[in-house]
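A.B. asks: Starting from the known structure of chain A, fit chain B onto it as the hints suggest.
Residue numbers (my numbering), protein chains in the order written: chain A, 248 to 445; chain B, 248 to 445.
The set of hints was computed from the structure by calculation and includes no laboratory data. One thing to keep in mind: the hints can contain errors.
Pairs involving identical chains hold if they fit within one copy or between any two copies, as the list cannot separate such chains.
[As the list claims (entries may be wrong)] Quick list of in silico lysine to any residue cross-link-like pairs, SDA-like style, CA-CA up to 25 angstroms:
(1) K408 - H431
(2) K264 - V441
(3) K264 - T389
(4) K264 - S341
(5) K408 - G429
(6) K309 - L262
Note that this is a predicted model, so its numbers are computed, not measured.
Protein chains: 2
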Amino acid sequence: MSTLNTQQFIAPIALEKAYRLLNHGPTTLISAQCGEDRDVMAAAWVSVLDFNPSKVTVVIDKISHTRTLIEKSGFFAVQIPTAALLKLTVNVGSVSMKDDPNKLTKLKVPLFYQNDFNIPLVQGCAGWMICKLIKEPHNQQTYDLFIGEVVAAWSDTRVFKDGHWHFENADNSLRTIHHVAGGHFYLIGEPADVDFDS
Amino acid sequence: MSTLNTQQFIAPIALEKAYRLLNHGPTTLISAQCGEDRDVMAAAWVSVLDFNPSKVTVVIDKISHTRTLIEKSGFFAVQIPTAALLKLTVNVGSVSMKDDPNKLTKLKVPLFYQNDFNIPLVQGCAGWMICKLIKEPHNQQTYDLFIGEVVAAWSDTRVFKDGHWHFENADNSLRTIHHVAGGHFYLIGEPADVDFDS
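Next comes chain A alone, as it looks inside the complex:
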């Protein structure tokens, strides 16, 4: 698939700018790994919690195998899928590893790793954040709410560079996807700017 990233387009993001991957509210892919056991799921209920250092919240149902891996390993990745990954996002969000242990292979989820981190990342995303779980057992148990601090982040520089999105100058297949319900999404659209002092 021509829109999948190759290493040449991936560059690190300064940690205090990483929250901007999420600020405009895209649907995400969450992944985690413990030993050889790994999983990827979709999550729309994700938000920035802080920016310096960047922290995120994500809601993860108790039935998710990804959740088990996060609780075991203490780490997870938050990734920003693009229009090119729309079907993959719906599919990894529809099938549970608990029902089909071969989910990732069957769905042909294209994974890669960054140095120093044993967390599978999905090729073709516009951005990737690796988060260290900040344990809050009451939130996790009562609300399925997980908090993570971003410890590393990268973007596809064709669409996110110098701390900003550049959707209007990139291929439409690199636009972020924003979930409504079922298989229904919207792509991010056109820029709109206000003079901050006006």
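C.D. replies: Only chain B this time, still in chain A's reference frame:
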């Protein structure tokens, strides 16, 4: 302003569908009131937490007067501003009531009320949710994170109806706005659908 709602376009949303106002990640306006004291602020760090009943999370800085009003009254509104309210959203997010007690009057924020609720709502939004604060002092103090349960919700039926957004059939001025940083936003764009079983 022609795009401001008039009462004829506002209809209640079933509470279990209210989360869909937020699911695609729009930037929001938060308002609260205690007695005659009221405030409106902008917030991008807002997420769905649950859907039945609909619950939300929102991050609100300690310097915000809106936060004081939420803590006093136990209620707040989460509203979905449209492109027509872009400048207003930036302005209410830039000026604090603590610096200018006449903020709402000076900025000419057009407010209205729904029966039974003493919370100011901003005209021209695409959706409005009134939330009852679920007190979680540790989250509020440590993370500036507030949890609310939606107790009433309405939409502008020109753009959200029957539990779904209809941006593609509405005027562009009714598109939701998605914040990146400073005065830089993106509008929500075009629909993208996947056959859920494909």
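A.B. asks: Can you give the numbers of the hints that this structure goes against, from lowest to highest?
C.D. replies: Result: no hint breaks.
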